[in-house]
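So the chains spell out like this:
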Amino acid sequence: MQDIASRLKSGRVIIADGATGTMLHKAGLPAGIPPERWVLENPDPIRDLQRAYVEAGSDLIIACTFGANRKRLEHTGLADQLVEINQRAVQIAREAASDRTYVAADIGPTGELLLPPIGKMTYEQALEIFAEQAAVLAQAGVDVLYIETMSDLNEMKAAVAGAQQAATGIPIFATFSFDHHGRTNMGVKPEQAAEALQTLEVAAFGANCGATLEMTEEAVAKMHETAPKAALIAKPNAGKPRMVEREVVYDATPEDMAEYAKKFVAMGARVVGGCCGSTPEHIKVIAEAMAS
Amino acid sequence: MSDILNQLQEAVIAGEPEQAHELAAQALEAGIAPLDAIDRSLNPGMQIVGDKYECGDYFIPDLMMAAEAMKAAMEKLEPELMARQEQRQILGTVVIGTVEGDIHEIGKSLVATMLGAAGFQVHDLGVDVPVDRFIEQVKATNANVLGLSALLTTTMRNQEAVIEALKEAGLREGVKVVIGGAPASPEWAATIGADAYAENANEAVDVVKQLLEV
Numbered sequence: 001m002q003d004i005a006s007r008l009k010s011g012r013v014i015i016a017d018g019a020t021g022t023m024l025h026k027a028g029l030p031a032g033i034p035p036e037r038w039v040l041e042n043p044d045p046i047r048d049l050q051r052a053y054v055e056a057g058s059d060l061i062i063a064c065t066f067g068a069n070r071k072r073l074e075h076t077g078l079a080d081q082l083v084e085i086n087q088r089a090v091q092i093a094r095e096a097a098s099d100r101t102y103v104a105a106d107i108g109p110t111g112e113l114l115l116p117p118i119g120k121m122t123y124e125q126a127l128e129i130f131a132e133q134a135a136v137l138a139q140a141g142v143d144v145l146y147i148e149t150m151s152d153l154n155e156m157k158a159a160v161a162g163a164q165q166a167a168t169g170i171p172i173f174a175t176f177s178f179d180h181h182g183r184t185n186m187g188v189k190p191e192q193a194a195e196a197l198q199t200l201e202v203a204a205f206g207a208n209c210g211a212t213l214e215m216t217e218e219a220v221a222k223m224h225e226t227a228p229k230a231a232l233i234a235k236p237n238a239g240k241p242r243m244v245e246r247e248v249v250y251d252a253t254p255e256d257m258a259e260y261a262k263k264f265v266a267m268g269a270r271v272v273g274g275c276c277g278s279t280p281e282h283i284k285v286i287a288e289a290m291a292s
Numbered sequence: 293m294s295d296i297l298n299q300l301q302e303a304v305i306a307g308e309p310e311q312a313h314e315l316a317a318q319a320l321e322a323g324i325a326p327l328d329a330i331d332r333s334l335n336p337g338m339q340i341v342g343d344k345y346e347c348g349d350y351f352i353p354d355l356m357m358a359a360e361a362m363k364a365a366m367e368k369l370e371p372e373l374m375a376r377q378e379q380r381q382i383l384g385t386v387v388i389g390t391v392e393g394d395i396h397e398i399g400k401s402l403v404a405t406m407l408g409a410a411g412f413q414v415h416d417l418g419v420d421v422p423v424d425r426f427i428e429q430v431k432a433t434n435a436n437v438l439g440l441s442a443l444l445t446t447t448m449r450n451q452e453a454v455i456e457a458l459k460e461a462g463l464r465e466g467v468k469v470v471i472g473g474a475p476a477s478p479e480w481a482a483t484i485g486a487d488a489y490a491e492n493a494n495e496a497v498d499v500v501k502q503l504l505e506v
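Listed in order, the protein sequences are those of chains P and A.
1 is the number of the first residue of the first sequence in the numbering used here; add one for each residue after it.
293 is the number of the first residue of the second sequence in the numbering used here; add one for each residue after it.
Treat each hint with caution, since some may be false.
For lysine-lysine, the following DSS-like pairs were computed, each having C-alpha atoms within a straight-line distance of at most 27 Å [claimed, not checked]:
1. A:Lys363 to P:Lys120
2. P:Lys157 to P:Lys222
3. A:Lys344 to P:Lys120
4. P:Lys222 to A:Lys344
5. A:Lys501 to A:Lys468
A short, non-exhaustive set of chain A residues, derived as facing chain P with CB atoms under 8 Å [claimed, not checked]:
6. Gly393
7. Asp394
8. Pro475
9. Trp480
It should be emphasised that the hints constitute simulated quantities derived from the structure, not laboratory data.
Backbone N, C-alpha and C define an ideal beta-carbon position, used for all residues, glycine too.
Chain A extracted, bound-state conformation (with noise of 0.2 Å):
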C-alpha cells in the first residue's frame, strides 16, 4: 500500500500527470481511502516541488508539470471522495488576479495553481484586472484572501488602489490580501497597507496559510 502511495508522490514531484492518474487509481483498487492519497502522497510531493523550486533545483515547467500531474490524480480521486460523501478540506476562498493595466499572466497563474493544489479553493480573475472586479469577487465569493499581482513599477500603485477601494466597501477587515510580482516587496507590501507579500508561488502557499492559520 505504502509503495504505490510512495510512487504517487514520485510521479506529482517528477511532473508525469499519466502516471499519476494511473497510481490514484491503483490507490483506490488497493482500498486506499482518497482522502489517505492526497494527504499522505499528493500534499507533500507539492511540498517537495516547492522546495526545490525555492532552492532552485526547480524552475517554473516543473512546477506547472507538478500540479498538472496533481490534477491528473484529483480527477481520478475526487469521484470516489464523492462517493463517500467525503470532502477535501477547503483551507480558505482565494481571489486572485493581475491588476489593472498589467497583462503579464504567467507567475500570477502560477500562484493560482500552486494556491488550489494546496487545497484552497482560488477564484482567478485573469490579467488587467479593474478594481471594481477585484472587489465585487471578494463580496461575492466571501473570500478570506486575495492576491494581488503585478509585474511592472507603474502598475504597482493598482494594488494599492484596490486596497484603498476594500476599505471603501467596508471590506478590508474580512480578507487578508497578499501582494505578488518582480517589483513588490515586503517594504512596499508594508507601505500599501497588504498583509503580506510573496516572492513566488511557493512562498505563497506558506504566506497564505500563515495568515488564515490553517
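Next up, chain P with everything else stripped away, as it sits in the complex (with noise of 0.2 Å):
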C-alpha cells in the first residue's frame, strides 16, 4: 500500500472515518463510561462500526484511543492498563481493516489547562504524557498519529512534540476545534494554528469537531489562505448537536455534509471526514461525492 505521506502528495482525497463517541453510545455504551473501556471489555461494537465505516468508503480508521493518555485514564481508574489500552485499540482498528486502509491512532487534549500559573500542567509534563501514550501507539503498528480537538497551542505543540520523540518516522496529523467565534475556545486563530503546524513538521494538519459546519469551512479557508501547500484536514460535527425532547439531533444529513467535503477539497483538504454525529451513511455519501 502507498505510505501516507505519497498519498498526500498525489493529491487524492483520503476519506477519513466519521463518529466514534456518539455512534458508540447508539450501540448502548453507558453515559459516563469512556470507549477506552470498551476497548478492553466489549471491543465488537469498536470493530463493528470501524468495519462500517471501511465499508462506507473510508481509506482511514481512527483506532478507539483519543482518550488513551495516563491524565484522561487517570479519571476513570483505568491509568494502570495504558499500555494494554492502547495496543487493543490499534489491534481491533486493524482486524476492521482491508488491506487498503490506513489505521491511524488517536490522541486527544490531556483536558488540563497548559496556562501557567492557573493551569496545573506544565508544557514538559504534557509533552511526556503524549510521548508515551505515543510510544506504546507507534509500538503498536500504527500509519499516522492523529493529534484531534486541541484548543491549545502549546498543548498542541506538547503533543506534536511528544509524538515525534517517542514515535519517530511515523506521520503526524494534526486538527485543532474552532468553536468560539471562528477561533478555539483557546483564542487560538486558523491562521496561527497554520502558521506553527507548517513549521513543525506534520504530514497534515486542520479542523475538527467544531461548533458548525460554517465555522470549520471558515477556519479550513483561512488555514489555506495562511499555508497554500499545506495538505489540509476537515473532519467537522454534523452540526451542532440539540435536544428534541429527550434526544440529541445533529441535523447536517449526509448530502450536506458531502456537500462541505466538496468545498473543503476545493479548499486545499487531502483528509475529510467526520465527527461527532456523522455516521457511516455521512461517509458513504462523502465518498461518492468524492469518487465522482
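Put the complex together from the two separate chains, hints included.
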C-alpha cells in the first residue's frame, strides 16, 4: 500500500471515518463510561463500527484511543491499563481494516489547562504524557498519529513534540476544534494554527469537531490562505447537536456533509471525514461525492 | 484617586495579577475605601472582561487571567475590609459541579471563577459529581443556586437526575438550577425543568443575578 505521505502528495483525497463516541453511545455505551473501557471489555461494537466505515468508503480509520492518555485514564481508574488499551485498540482497528485502509491512532487532549500559573499542567508534563501514549501506539504499529480536538496551541505543540520524540518517523495529523467566534475556545486563530503547524513538520493539519460546519469551513479557508501548499484535514461534526425532547439530534444530513466535503477539497483539504454525530451513511455519501 | 482606580480596573481587564495587587495596595495607601475599589474598579472591570468574551475579543485564557488579577487585588483588599469590619456584599451561595460520568472541568471552573469574582460564594464540587453529593451540599450550604455542567450528550441526562433528586429531597423550591455545557440549550433546560440555561461563564453571572434578583 502507498505510504500516507506519498498518498497525500498524490492529491488523491483520503476519506477518513466518522464519529466514534456518538456511534458507540448509540450501540449502548452507557453515559460516563469512556469508550476506552470497551476496548478491553466489549471490543465487538468498536470493530463493527470501524468495519462499517471501511465498507462505507473510509480509506483511513482511527483507533479508539482518543482518551487513552495517562491524564484522562486516571479519571476513570484505567491508568494502569494504558499500554493494553492502546495496543488493543490498534489491534481492533487492524482487524476492521481492509488491506487498503490506513490505520491511525487517536491522540486527544489531556483535559488540563497548560496555563501557568493557573493551569495545573506544564508544557513538559504534557509532552511526557503524549510521548508515553505515542510510544505505545508506535509499537502497536499505526500508519499515522492523529492528534485532534485541540484548543490550545501549547498543548498541540507538546503533543506533536511528544509524538515526534517517541514515535519517530510516523506521520502526524493535527487538528484543532474551532468553536468560539471562529477561533478555538482558547483563542487560537486558524491562521495562527496553520503557521505553527507548518513549521512543526506534520503531514497534514486542519480542523475537526468544531461548532458548526460553517465555522469549520471558515477555518479551513483561512488555513489554506496561510498555508496554500499544506495538505489540510476537515473532519467536522454533523452540525451542532441539539436536544429534541430527550434525544440528541445532529441536523447535517449525509448530503449536507458531502457538499461541504467538496468545498473543503477545493480549499486544499486532502483528508475529509466527520466527527460527532456523523455516521457510516455520512461517510458513504461523502465517498461517493469524492469519487464523482 | 480615580487615576489609581482606573489603573486597577485596567490591570484586571488586561489580566495582570501583579499589577492589580500593587495597585490595590496603592489605592489603600491613598485612602480609598476597599469597598470603593471593589465597586468602582474590580466589578466593572470583570463586567468588561465578560463583555469582551461575549463578542469574541476575549477567550478562556483572558477570562482566567482577569479572574486571577481580581483575586490578587482582593488578597490586598480583604484584610483591610476585615479591619474595618466591613464585608463585600455576598450576592448568594452557589453549589456547582460537572455531573456524574463527565470529567470536563475547564468550562465549569470558569463559571465558578466568574461567579466568585462577581460576588457569589461558590462551592465547586469538581467533576464527575454523584447526584447525592449535589443534594448533600445544597443542603449543607443552604445554597440559592445550583449549577450543573455536562459536556457530553450522554451525561446531560444526569442534569435531569439531579433535579429529580432535589425534588425528592424537598429542596427544589429553595434553589434555582442553572445548567450549562456545549450540548445544553434553553430547550433542554425547559425539558428537564431547570430554571435557566447559560451559554458561557459570562452569561452565567447575568443569569444567576437575574434569578436571584440581585
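- Holds or violated: Lys501 of chain A with Lys468 of chain A, Cα cutoff 27 Å? holds (11 Å)
* Holds or violated: is there a CB of chain P closer than 8 Å to the CB of Trp480 of chain A? -> holds (4 Å)
Holds or violated: is there a CB of chain P closer than 8 Å to the CB of Pro475 of chain A?
Hint holds; Pro475 of chain A Cβ to chain P Cβ min 5 Å, cut 8 Å.
Hey, Lys344 of chain A versus Lys120 of chain P, does the alpha-carbon distance stay inside 27 Å?
holds (25 Å)
- Given the hint that Lys222 of chain P pairs with Lys344 of chain A, test it: the Cα-Cα distance must not exceed 27 Å. holds (23 Å)
Q) Regarding the pair Lys157 of chain P and Lys222 of chain P, is the alpha-carbon distance no greater than 27 Å? A) holds (20 Å)
* Asked: Do the alpha carbons of Lys363 of chain A and Lys120 of chain P lie within 27 Å of each other, as the hint requires?
  -> holds (17 Å)
*For the hint on Gly393 of chain A, just tell me whether its beta-carbon gets within less than 8 Å of chain P.*
The hint holds - Gly393 of chain A has a Cβ within 8 Å of chain P, the shortest such distance being about 2 Å.
Return the status of the interface hint for Asp394 of chain A: holds when the least beta-carbon distance to chain P is below 8 Å, violated otherwise. holds (7 Å)
Of the numbered hints stated above, none is contradicted by the structure.
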